[in-house]
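Engineer: Dock chain B against the given chain A, drawing on the hints supplied.
If you're matching them up, the sequences are chains A and B in order. Just so we're aligned: the first sequence equals residues 1 to 340 in this note's numbering. Just so we're aligned: the second sequence equals residues 1 to 340 in this note's numbering.
Watch out, some of these pointers could steer you wrong.
Where chains are identical, the list cannot tell them apart; a pair therefore holds if satisfied intra-copy or between any two copies.
[What the hints assert, rightly or not] As a list, the in silico EDC-like pairs of lysine to aspartate or glutamate whose alpha-carbon atoms are at most 20 Å apart:
no., residue 1, residue 2
1, Lys11, Glu180
2, Lys11, Asp190
3, Lys29, Asp156
4, Lys76, Glu50
These are calculated hints, taken from the structure and not from any lab test.
Protein chains: 2
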Amino acid sequence: MPELRQNYFTKEWVIIATDRAKRPEEMVKHREAKTVARHVENCVFCVGNEGKTPPEVMRVPNAAGDSWQVRVVPNKFAALSPEAQPTRTIQRSRRTMGGFGVHDVIIDTPDHSQIMALLPEAHIANVLKVYKSRYDALSLDPRIAHVTIFKNHGGDAGASLEHPHSQLIATPVISHQVRERFQQALAHYDEYGECMFCQTLEEEMTEQSRIVLATDHFVAMELFASPTPFCTPIYPRRHMASFGDISAVEIADLARVLKTVLAKLYHGLENPDFNFTIRSAPAEYVGVKHFHWYVSIIPRMTRTAGFELGSGMFINTVVPEAAAEFLRNVKVELGVGAGG
Amino acid sequence: MPELRQNYFTKEWVIIATDRAKRPEEMVKHREAKTVARHVENCVFCVGNEGKTPPEVMRVPNAAGDSWQVRVVPNKFAALSPEAQPTRTIQRSRRTMGGFGVHDVIIDTPDHSQIMALLPEAHIANVLKVYKSRYDALSLDPRIAHVTIFKNHGGDAGASLEHPHSQLIATPVISHQVRERFQQALAHYDEYGECMFCQTLEEEMTEQSRIVLATDHFVAMELFASPTPFCTPIYPRRHMASFGDISAVEIADLARVLKTVLAKLYHGLENPDFNFTIRSAPAEYVGVKHFHWYVSIIPRMTRTAGFELGSGMFINTVVPEAAAEFLRNVKVELGVGAGG
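Bound-form chain A, shown alone (with noise of 0.2 Å):
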């Protein structure tokens, strides 16, 4: 029998479909390998082409000093402008502002054939530095309520360009799924005296059936009631509502954490396409007891349809239990054990 379970966090339910259930291994799309080059000649973020994006923001050079190995650029096709007045207009029903924000691109290596799964560590960690820096970097500007950091891999989750990179939006709102998000948050708190998701994290811990990897600062699982197969979050393990308090030891563990999930996805499900984002509190809600930051990361294995749309309910066909216990045995180099 199908069962119906309801997201703690978000309050939304979704259907276990058991009955149309597949096994892990049957969601994997078989695609022919293709022989991606290390250097394309018309890429805009290969090394050589660095002229033909905007002026760089900031790098971080590579050993040998002579170049870089991940760099920061204004995205050329923004979706929002610095140049913009963040400034409100209501007419009756009408609700605007300036397209005032910032949108970074961040290119993760100039290797145009890597993929994040497979590059080292040290150097993840160095892309995760940089998130950092240019969070905190923003997160300064009073001009901006909320900084979003994500990632596109592959032509079903968005991606325009081959070449590994990440991208940041600075928006002058806080938008209103956020909002919604903190406030269920800020309710339990209110109610029980503790933070949902330190909670739940123990609770986890606990029962060890949704975890697919725990370190000493980073548990990645499966929710109860995710909405999506393989959809895996990883929350540090110290309360923290702001990605920006992650701590230099959290950061190389958050590298290693990373890396291994996006291993695990890669070689058990051959290199599906993903999204991951970073999910925190407003800039201006630092050190708020109620909300944790997390990551989270999104394999794009289905696709959402009229009942999605017209509901906001998902139908997952693989059940998170199975899901956790399939990504547990993908053996990986990195292999953090699974579990506490």
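Structural biologist: Then chain B, alone, in the frame of chain A:
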């Protein structure tokens, strides 16, 4: 300069990316026309294969009376089961409910090669009557909390079968998203003493720039803060909270409006993949003054990526006023004049 616009109904912000805005015709995905047979031997929805579906729930006979025009059957791969018990279990952070529910397939036409945009109006009216009949019948069941009616057209919209069909999923819960939008509408009513949808329709009919089509009973338009290109809701002009309240005259008019909008998308954008869904107040709220049902038509011309998943905000690369103008100018044989 880009502009942020806030959806009046959901409170969500949308980035209208004017700087990288595309002309409506640039959004067209040219695809090779393919010939589809009117009858496919191994299609379970085609005439002659009635025995291959679960037992029929209802049918509309064809004109000759020897076969059917529209047919409703239980989904063979149902997401929810009428045999399950809607029993709730709460165990710390884990909330479950037995997967009780009803999952119908509405086979729109016996003709495998047809699409809804090209069906005669009277035929579409019969499909809508079937929607209403099933909506009414299921709403009587006290175990059913909400009914979602939807259509998936094309692979990018999540359709797995080619034969034209719609679906209905009746759930024992009201989704958080539906509940939340309902609460927004209630808060508006309590503050202003009017339905926010009725107010907006009045404003939009005065302004005209976002209207695609208006008849005696319905208005099809682009939202001021439309999240995706050509997303076109159709609102009844008379205040009704529930789709079940639609009258016979309104059904006939909706058939005409739905056909016209779908035909404009079909001819103007070369048969894009799309979903539509009927968003109605939950059954128990029939008659409330603050909510207003509507049909939402959502062409799937872009992909949600990490920013959308991480923030809930969308980036729309077609200005809603340009989309409305484009659709107004697509002439279809049923061309009811644009505007008031």
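Engineer: Go through the numbered hints given earlier and state which of them the structure violates, listing their numbers in rising order.
Structural biologist: Violated hints: none at all, because every hint is consistent with the structure.
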